[in-house]
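Mind docking these for me? Both chains are given alone in their own frames, and the hints should help you get the complex.
Below, each chain spelled out in residue letters.
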Amino acid sequence: MYNSPVLFFESVTLTEKLSPKTHFVKAAIICDEAYKEEAQQLQAQLYDTPSDTLIFENPADVRKFIVEQKMGTCFYIVANWDDAVTIFSTAVEEGVSEEELQVKTIGEKRKYVYCMKCFTPSEIDTQAKQVQCGCGAHLNVGPFYSKVRKGYIGYPFVPEAEGVM
Amino acid sequence: MFTQELDFKTTDLNTFPFPFRSDNYRYSNDLRKLEDTNLVTITPEYELQVRAKRRLLDEQPEVRYQSFPHTMEMQWEFLEMVFEMAVEKYPQHFELIKNGDEWTFKNNILKEEQTFTFGDPSTLPYEPYDFAGRHFHQDFVLMVNREDNFYLEIGQVSYAALFSAHWNTGMSFDEIHGPVPFVSRNGDNLIDRVRKFLLGINPGEPWTRINWNLMANRWDVNYETMDVWEPQRSLITPENAGKLVRLRVEEQKFYRMSRSNAILFVLNTQFLPLEDLQLRQEWFDLTYSVLQDIPEAMAEYKGIAPYLPQSVEYLRRVDEKLKNQALQTQEG
Ligand code: HEM
Ligand SMILES: [Zn+2]
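In order, the protein sequences belong to chains A and B. Quick note: the first sequence uses the UniProt record's numbering, first residue 1, plus one each step. Quick note: the second sequence uses the UniProt record's numbering, first residue 1, plus one each step.
Okay, chain B solo, but in the shape it has when bound (with noise of 0.2 angstroms):
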C-alpha cells in the first residue's frame, strides 16, 4: 500500500514539538495558552504532508471526511479563517483576493489557484471545509457546542493516531474519549474537568496541548488498519528500534469559532525516529526516562505494550554508548 512508503520525519528539529517537559508523563489538563495563534506553519515537509493528505482523502474518502450536512455555515467560516490566516502570515505563499463574494485563493506553493463564490458550495470541488483544509498539512476537526458538551459534526482526519472520523462522527468529547485511561496522577477522572475546560474557551484566545504516542514502522495507525499493523509491532527488536520505532506528536490546537460558537480542534502530526532523539541530548534523556515508566493501561491504550520494552532496551544500549564515550573522552 502506497501509503505506509511515505517515509517522512521532521527534518528541521526547531518546528518538532518534542512533547515531555518532565522525566516522567501522566494524563493531566496539559492545556496551555498558545502564543503563536495563526495556525498556519510551513514546514519543510509541507507540501509532502499536504500531498500525502490529500492522496488519502482521495483514496479514503469516508475513512478520511465526514461532515453533516447542516454544517455548510461552519464550513464556509472556517474556510474564511485558515485562507486568511495564512494570507497573514505567509503574503508570499498565499493570496486571498476578495471582489464581493468572488473569492480566490491562491497558493503558489503548490501553484493553485482558485475562484469561488463564497456562500455557494456548487462552486468548489469539495465541500468549503474539505476544499480549505487540503491546503494545509493539519487535521481539522469541528466541535460543535450543543448545551454542556460538544459534538463531532466535520472531521478530516489524515494523520492523528487511533482517530477515525468516520467512527467518531457525530459523537460527543465524552463518548470520543471513552477508549482513554483518561485519570491523572492522583486518580481522578478528566473528561469532565477537560470538557469544562474547553467549554470556557474564548474566540481569540486558543489553548494548545501535545498528544504523543510511537510507531512501529507505520505512521497510519488507525483502527480501520488494526489487523495490519498490530501484527507488525512484533517485529520490533532493540537492534532496529532506532529506525523503526518513531516518536509520533500531536501538536494540538483548540479554537472557539466566533459564529458558530464550536471549538475548532486542529492537530499537526510530526514524526522522529528514536535514533534522531540523539540530536538533542536533552530530548534524547527525556525520552528515555519517560519510556521507562509508562503504566500498563497507558501502554495499552497507545499499542505500545508489544514493542516498548525493545524500545527502551535500544535507547538504554545508545545511553550506555553516550556515556562511555563520554567518560573516554575524559580520560583522553
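So that you can see chain A by itself, here it is in the shape it has in the complex (with noise of 0.2 angstroms):
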C-alpha cells in the first residue's frame, strides 16, 4: 500500500536504545551478526517475556520468522542501516504495525532529499541543509517527508538571491 510505513531518517520507530515495549506478550529480535551483543541486552532487560532472535542472513529466512511469531509480539531489529531497511519492510509486508516495531541502527544513517525540479530522490548527508541536485537544482533541505516520494522536500533556491554563493 502507498501508504505503508517506511524506514526514513526520522521514523517513529527508530531509537538510540532498544528497551522493552509494554503489553506484548513476547518479544522477536532480528540482528545483524556483529550487534549480538546488543540483543542480548535486551532479552536481559525482558525479564520473564520469552524470546526469539534470528540473526539475519537473508529476506527469506526474516520473513519466515515473522510469519512464525504469535499474535502479541513486538519485534525488535539491531542493524546496519541497509539490512534494518531490508528487514523492517520485510516486517511490514507481513502486516507488523509500527506499534509493533522497534528499530536501533548501527553506523551511518541515510537520508534523501527529494528534488522539486526534477522530480527525484538523492541521497545526502544527513548534516546537509543545502545541496545541489544532480539536475543542477539548488535545494533548502526541508522537515517534511514523503513516503510515495521517499525523501524530505528540497526547496529550489537560487544561490546568487539568496547570498550564498
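Derived by calculation from the structure, the hints in this document are not laboratory data. Keep in mind it's a predicted model, so treat the numbers as computed, not measured. A couple of the hints might just be wrong.
As the list claims (entries may be wrong) - Example chain A residues on the side facing chain B (calculated, C-beta under 7 angstroms, incomplete):
no., residue
1, S4
2, P5
3, V148
4, V158
Every residue, glycine too, gets a C-beta built ideally from N, C-alpha and C.
As C-alpha cells, this is what we get:
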C-alpha cells in the first residue's frame, strides 16, 4: 500500500537504545551478526517475557521468522542501515505495524532529498541543509518527508538571490 | 513563461469570496455550512480560467494531476456528481444525455461534446476525474477516508497556493498540514480538531471556508517554482504594491462522497489587486487592518514576509488620501 510505513531518517520506530515495549506477550529480535551483544542486552531487560532471536542473513529467513511469530509479539531490529531497511520492509509487508516495531540502527543513517525541480530523490549527507541536485538545482532541505516520493522535500533556490555562493 | 502572463482578476465583485470577517485574522476551525451546495459557478472569468488550467495540466501533467490506479471507481463517482450539478444549475450551458451507460456531455460555453461509456475509462481522452475537472475552473482534491484519517489519492491542482499535487500525493491530512503553523488564537494545535470535524461531515451537507494569501506579481506560487518567485518578492515597493500585490483567495468546499465515503475538497481561487479593494470601502478597511496584525510565523509560512510591510505602507497611503478627500468634501 502506498501509505505503508517506511524506514526513513526520522522514523518514529528509530531509537538510540532498545528497551522493552509494554503490553506485548513476546519479543522477537532480528539482528546483524555483528550486533548480537545488543540483542543479549535487550533480552536481559525482558525478564520473564519470552523471546526469540534471528541472526539476519537474508530476507527469506526474516519473512519466515516473522510469519511464525504469534499475535502480540513485538519486533526489535538491530542492524546497519541497509539491513534494517530490508528487515523493516519485510515486517511491514507481513502486516507488522509501527507500534509493534523498534529499530536501532548502527553506523551511518541514510537520508534522501526529493528535488522539486526534477522530481527525483537523491542521497545526501545527513547534516546537509543545502545541497545541489544532479539536475543542477540548488535545494534547501526541508523537514517534511514523503513516503510516496521517498525523500525530504528539497525547495529550489537561486544561490545568488540568497547571498550564498 | 506563458503561465505568468495570464493577467486576470475577479471583475464581478459579487463573485469575489472576500475572506475577512473581523479586523484581525488567526487560524481557527472556520468551517461553515455551505448554503448553495452546487459547486459549479460560471463567472465572467470562467473560460479564461478553464483554458489556463487546461494549459497547465497539459504542460506539467506530473505537477498538476496525480491519481492512484485503484481510484477508478471514485473517479466515476466524481464525474457523475459534477456533471449532474452543472446540468442542474446551468441547463443552458451544460447537457448530459444518458442512454444506458452511453453518456454524452455537452459544454456549450466551450462548444465541446464528448460521448463515452460510463465505467469505461478507455472511452475518454483523460482519466474520468481529470476529464470532468477540465470543464470547471476549480481545483479538485479527493481525500480518501481510511481509519480516522484522510489520504490524498487524487489531485487536480492548478491554482491553489503552496499546494503541489505531485508532492502531497498519498499524504494524510496531518502530513499535508505539517508545514502550517496551525495554532489557534489561544495556542491550541488545530490539526486534530479539524480532522475530527471532517470525519463528521455527512453526504449532502457540505462545508466551506475561505483561505487567503497575497501574491507578488505572480499567480503561480508553488514549491516547484520557489527559486523563481522568492527573489521576485523583493521588487515590491509601496509605489507599485497596488498593482503588483494581489489578494489571493481560495474559497474551499468540502463534500462527503456518498459511495466512496471520501471527502472531495474543491478550491475556487480568485485574485484581486490591492488597488481594487477601494471599490468596496469595507473590504479595504478590513484588509488594511488585518494586514497590520499578521503574526510573524504566519507571514513567514505564507511567504509574504518580504513584502508585507510595503503592502501595508501602500494601504496606509491610500487610507490617508481617502481620509483627506473625505475631509475636504466635508469642508467644501
Ligand atoms: C481535507 C482537505 C484538505 C486538504 C487536501 C488541504 C490541503 C492543504 C495544503 C496542501 C496546504 C498547504 C500546505 C503547505 O504549505 O505545504 C494547506 C494549508 C492550510 N490548510 Fe488545508 N487542506 C484541507 C482541509 C483544511 C481544512 C478543513 C482547514 C481548516 C479548517 C484547513 C486549513 C488550512 C490552513 C489554515 C492552511 C494554511 C494556509 C495559509 O495560511 O495560507 N485545511 N491545506
Ligand atoms: Zn533535481
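How the hints compare with the structure:
1. S4: violated, 10 angstroms
2. P5: Violated, because the Cβ-Cβ distance from P5 (chain A) to chain B comes to roughly 12 angstroms (cut-off 7 angstroms).
3. V148: With Cβ-Cβ at 4 angstroms, under 7 angstroms, it holds.
4. V158: It holds, given that the least Cβ distance between V158 (chain A) and chain B is near 5 angstroms, below 7 angstroms.
Checked against the numbered hints given earlier, this structure breaks hints 1, 2; the rest are met.
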